[in-house]
Amino acid sequence: MKPVERQKQIIEYLQQNGKTSVETLALHFNTTGATIRKDLSTLENNGKVLRTYGSVVLATNDEERDLPILSKSFINLEIKKKIAEQATTLIEEGDSIIMDTGSTVLQMIPFLSPFDNLTIMTNSLHIINSLVNLDKEYSLLISSGTFRPKSGSFHGTLAESTFENFSFNKLFIGADSIDLHSGLTTFNEVHGVSKAMCKAASKIIVLADSSKFGRRSPNIVCPLDQIDIIITDTKLDKEIYQQLLAKNVQVILVEA
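Position 81 of the sequence shown, counted from 1, bears residue number 81 in the UniProt record's numbering, the numbering being contiguous throughout.
No lab work stands behind these hints: they were computed from the structure.
A virtual CB, placed ideally from N, CA and C, is assigned to each residue, including glycine.
Be a bit skeptical, because a hint or two may be false.
[As the list claims (entries may be wrong)] Pairs of lysine-lysine residues, derived as DSSO-like cross-links and limited to a Cα-Cα distance of at most 27 Å, are as follows:
#1 LYS150 / LYS48
#2 LYS48 / LYS38
#3 LYS82 / LYS247
[As the list claims (entries may be wrong)] Label-pair ranges, simulated between beta-carbon atoms:
#4 PHE147 / GLN226: 25 to 35 Å
#5 SER202 / PHE111: 17 to 27 Å
#6 GLN243 / PHE166: 29 to 39 Å
#7 ALA34 / THR119: 49 to 59 Å
#8 ARG6 / GLU164: 49 to 59 Å
#9 ARG37 / SER167: 41 to 51 Å
#10 GLN15 / PRO110: 22 to 32 Å
#11 VAL4 / SER161: 52 to 62 Å
All chains should be modelled from the sequences, with the hints used to inform the complete structure.
Right, dumping it as structure tokens:
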């Protein structure tokens, strides 16, 4: 197979399977690791993939990452559901929690039905509507602010100041990218409300599938030393897993 054809098929494979190791690609294409690494170097130089710790993921630009929230919800949906279900095991009856606008956080809502006494605050209209449909007598709060249609959420100084007036037990927050040096980062310039959420919560719990690790977006939401728990999947690179533990971050893995 010619390199150009194999590189095209590598892109197609990553679109279907997500983050993949070099060894897996070598076995799939019946070639050597050196050949695959050469292909990946070409693809990376062309901005098609991002290589991280022996694995590779598709590169995404800001426009692709900033999809409407309901579109993002269908990406890696089964993994997101498993992460979300695991996240709800960390909730206790009577908790006060913040839920951010992330598509993985949105998947938590069906798993909240066993709880009867929760106080939940969010800046997401989608989350509020979904919580209302649960038909539970929760105490629901939504921030003020400037409405952003693409994410279905409220942002800006008004939204930020709303969270500054409250204190909650736990924050459940998604991620665009997680960097071992910078922490939780995002490409979104309207990230001030996410930072305000982090300050308003006693415990920060991050929900992110393994493809989000080893990347760094330009805006820092929260450094790693402030994150209490990360829930991700078993495709997380082992070296990244060990480094997170070394930084005193509890990591919970769900089966990929």
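Here's how the hints hold up against the structure:
1. Between LYS150 and LYS48 the alpha-carbon distance is near 25 Å, which keeps this suggested pair within the 27 Å criterion.
2. The straight-line distance between the Cα atoms of LYS48 and LYS38 is roughly 14 Å, inside the 27 Å bound, and the hint therefore holds.
3. Restraint check for LYS82 and LYS247: satisfied, since their Cα atoms lie roughly 25 Å apart, inside the 27 Å limit.
4. As the Cβ distance of PHE147 to GLN226 is approximately 28 Å, the hint placing it in 25 to 35 Å holds.
5. Under the hint 17 to 27 Å, the C-beta atoms of SER202 and PHE111, about 22 Å apart, fit the expected range.
6. Separated by about 33 Å at the C-beta atoms, GLN243 and PHE166 satisfy the suggested range of 29 to 39 Å.
7. Restraint check, ALA34 to THR119: a C-beta distance of roughly 56 Å satisfies the suggested window 49 to 59 Å.
8. In this structure the hint that ARG6 and GLU164 lie 49 to 59 Å apart at CB holds, the actual value being about 53 Å.
9. Look at ARG37 against SER167: about 49 Å separates their beta carbons, and that is inside 41 to 51 Å.
10. With their beta carbons about 27 Å apart, GLN15 and PRO110 fall inside the hinted range of 22 to 32 Å.
11. One distance hint, 52 to 62 Å for the beta-carbon pair VAL4 and SER161, holds here, with the actual separation near 54 Å.
Consistency with the previously given hints is maintained throughout, with no hint failing.
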